[in-house]
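Participant: Read off the chains here:
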Amino acid sequence: MTAVIEAAGLGKRYGQNWALSECSLAIPSGKVVGLVGPNGAGKTTFLHLAVGLLQPTSGSMRVLGARPGASPAQLARIGFVAQDAPVYAGMSVRDHLRLGAWMNPTWDTELAADRVAGLGLDPNQKAGRLSGGQRAQLALTLAVAKRPELLVLDEPIASLDPLARREFLQDLMQVVVEQAATVIFSSHLVSDLERVCDYLIVLVGSRVRVAGDIEDLVATHYRLTGPRRDRGRLPGDQQVIVEDHTDRQSTFVVRTSAQVLDPSWTVERMGLEDLVLAYMARAAADARRPKLAEAR
Amino acid sequence: MIRLTLRQFRTGAIIGCAALAALALVITLTGPHLAEVNDAFQRACRAVGDCQTAPNPVFTEYPQLQVLLPVIGIITPALLGLFFGAPLIASELESGTYRLAWTQSVTRRRWLATKLAVVGLAAVALTGLLIWMLDWWAGPLDAVKQDRFSPGVFSWHGVAPIGYTLFAFALGVAAGVLARRTVPAMAITLVGFVAARLAVENWMRPNFAVPVHRSFSLLTTGFGSLQLSAPSGTYSLTAPPVVIRNAWVLSTALVDRANRALTGKEFIRICSGYAHLGGEPPTPAQIMSIHAACVRKLSLTYHTVASFQPGSRFWPFQWLEMGVFIVAALALGGLAYWGLRRRFT
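Just so you know, the protein sequences line up as chains A and B, in that order.
Anchor point for the first sequence: position 26 equals 999 in the working numbering, and the numbering is continuous, going up by one each time.
Anchor point for the second sequence: position 208 equals 193 in the working numbering, and the numbering is continuous, going up by one each time.
So that you can see chain B by itself, here it is in the shape it has in the complex (with noise of 0.2 Å):
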């Protein structure tokens, strides 16, 4: 049974392993050099003494590639679900097949397990490779962008993209099983997938553990921006952006000593200097004077407090990730036996 799956798997496999070659000669073609030149940055950098405000000529190099290299990274888990694991059974039912296949001197239990162990281990093969030499690439990037939590870079870095490929390609079965067809098994896979990842991006993974809170004076990170909206003459202001190295920032916000939020109304009435504008129109140090005399006079009573998830958590939330995906996986998996034993017997 293993060598009749892969046989039958044999052009994907074939594609799959392709396709990861060709990107394993990018990447070992293109990476020293990237390391090589951010290498020669630090120790320039170093020599001179700045290296917080100078230009990092490595952001520079390969831009096409510091681009479509993440999107493969995060493609890849929903590629190998729509053409590994959609076709698997869908393809057998569609032709007719399983007629033959569940016919021979194997149950169809064993028949099933087999092919998902075998096609499922070769997607979580391919990923694997991937996401390690994607991982090895932008090492030199990482390091210096230290945003390896934020959700762009999360998502195709450590050991997540595993439980993603395996969600994927369980998806694609069950899609499969249930659709009894490739094309809508496929179209099943990929709108699955999308919505499963935003919604543990979005809902699930911020609280993998309790958000940490840190305050920063007004003075450093500003008040961030007001908007007035002119017929109901209200408010709103945008709390700043903080950076912390390494950590995933989830909101920020504008709080007094008793946490409770800055309004536009507040706003005005401490920074008076914008509403005696009018007339002319203000010269640039103007503003910059009112400016500086609002975020004084707020930071007084009011500093920015921002909710952020620690960059010491990217590992645990890595593996949480993969858990996740991997017991939907199971439970995908659980639900294609059941489909094929009830809508074929």
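Okay, chain A solo, but in the shape it has when bound (with noise of 0.2 Å):
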């Protein structure tokens, strides 16, 4: 299996401020990718580092083998969807088309022109009077239709409604299964991805938390709950994510690839929203760590 984007210690800064820092990870090619973080933990500055839009501070990234907008090429093998779907307002959805066309090679006219068929765009309306979902499939048909090896989407589905949004996820992965392109795409809410990824990257403050087949995430997850216990004494095999405790009680989050054979433990599976909350937590904990010891 091999990796359709790699980052060695990438980070990028702004004035004093990471926007993302010592990311390393490979994303094997095939999947279909989440992203999934809070607001400004760092989700756009990962896509548009890998898309080219942005060059690293530190460290380096490899998409699809090559230095991201590197060239004309290396553009052409990736479609990107950039947040709140922009579209030139005051041309139709039929000068978007030509515009795809004129600027890649790759163009698959007939391809763009189903698509917008299917979803039923009056190729004349212009693009800024489209809603908000239209507008979003307008800009996933230009993604589309260069034929990609690799489709980004930076928050496609935040600003749709309900309907819209289950109507963009399905057409998405209708688009998977034909094109057979590896897709990575960001939101804030895990449900959206839970539906349609099967690769989850973890993004908190800046940092990957954790990321990995959501499968093997799934499996090696467990909360474990019991009399009250201090973490020195779990097994060392038990990777703490977060811990919180009462009097008598304690509650973990553990990543393991052994089973917890443990009798005193109550020990539960957790949803994917669970873990990610859980990841949630250890980052906002760890953040806090450091500003107390400032303050002792």
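Because the hints were derived from the structure by calculation, they are not lab data.
A virtual CB, placed ideally from N, CA and C, is assigned to each residue, including glycine.
Treat the hints with care, since some could be wrong.
To be verified - The following label-pair restraints were derived from C-beta to C-beta distances: (1) P295(B) with Y987(A): 52 to 60 Å; (2) S1033(A) with I(-13)(B): 52 to 60 Å; (3) R(-12)(B) with G988(A): 36 to 44 Å.
Join the two chains, each given in its own frame, into one complex according to the hints.
Facilitator: This is the structure in structure tokens:
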């Protein structure tokens, strides 16, 4: 399995602030990758780095084996839908399809026309007059008709109503099946991703907290509840993600590839949403700790 | 990429061409008449033998157009900078469509280069045609007035407006990249363009070549005017204006043979007649005789010297002025490219 995106020590700084730091990962091809994290976590920065809109401050990134945005050929292999699906308000749907054909050597005219017809978009309609859902579909059409090997979508459904959201995701899944492209898309809602993704990256506070196949992640994370116990007394193969203690009781979220056999624990499997929340809680705790140390 | 640029630029191009066509109509309807009026006058005055003092009726034809067309010629480069240059990149940055444009299979450098070339060329073509029409229309007036070199006329003739246009356009683009918004970019463009034009007109153009000096007898020019500031009792002299055909007169002064300027004190010493007036208000005849005596006495030691750029330098100055603005435009184009790389990478 080859990696579509490989990042090593990737970082992007704006002035004093690191929007993304120490990001190292390898995303396998053929997946539908969800990039999840709260607003401002660095999702857009990561995706913009992947499509060549930004250059990294530190580290390196290779997308489909080349530096992102380095050449027209490299640009042609990646389809991108930016946040809020920007389109030219004064230009018609047909103009946008022409634009795609003019600017992309790999453009599939038939596919684009079929999609627009299938979506029920009026080719003469000005893009500025489309609904949010239609605009997102138009932007997706532009990205898809390039016949990209990698499709990158930045919060494609954040601004859509529930119905448009579902339609968009169904449509996206169809594209994935038809084109066999790798898809990576970001969201701050886990429920969006759960239905369609098979690979997950959790990005919180400018750092990648966890990345992996969703099946593996769900299979290796447990919530343990039982009598109060110190984290030092857990087995070494259990990596503690978060812990919570009351006077009598302790709750741990652990990651382990082995089975949890200790009979004093109540062991629960975790849903994807809980799992992501656990990593967010851990990131929040990490962020608090140095400040507490300073206060003392 | 060229086709996309043309498509995006369509509205601007249509408006620009429509405005030019409307002006062309006005100019072709009025231009021939202007030439006829002048020709008729030249024939008539030559018959009488007085073409110098007789009033030429060409100056009273289309008085509104004689004011309006030069104004259009002067502001067009600025308008093109404001409406073609400033929104070119700023609107993409403002609306976020740059994220769409830069992720098609075209590199950012080519995207910028194509936009600059296509819209820049269109701006130059519009200005070129406009100035060519204005030159033709104002031909009879220029031939009579012979003041093409004066700043108010120079700047809407010849090739300099091409330079102004490229400069205003590049300034608009660069301001758009740095400000990232269309309206502030327009404001920067307007202020920057006016400042650059004034700076070149007042400080650079007069020194494109060393000015030529020529002396005139006071008997032909007069001594100009004298002002007495009452509290301090000092006099200040303003040297008389001189007219040199087709030349740009930069300054005049009253000097003696050793090139020393006439002072107010010296003036009063020589022209003592003015000081003795006092009492009764003088009659016009008295003033005339004092005046004539004063000029006669002054002219024995003093003369008027004019510093000017002769008419033969009109075209070299036009090309130089265009060159100065094109060099600045290229620098601004580079700044725009650098700004895009720096702020969006």
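Participant: Honestly, do S1033(A) and I(-13)(B) meet the 52 to 60 Å range at C-beta?
Facilitator: Because 34 Å falls outside the window, the suggested range is violated.
Participant: Given a hinted range of 52 to 60 Å, is it respected by the beta-carbon distance of P295(B) and Y987(A)?
Facilitator: 58 Å, holds
Participant: Range first: 36 to 44 Å. Now tell me if the beta carbons of R(-12)(B) and G988(A) are that far apart.
Facilitator: 39 Å, holds
In this structure, only the earlier hint numbered 2 is contradicted, and the remaining ones agree with it.
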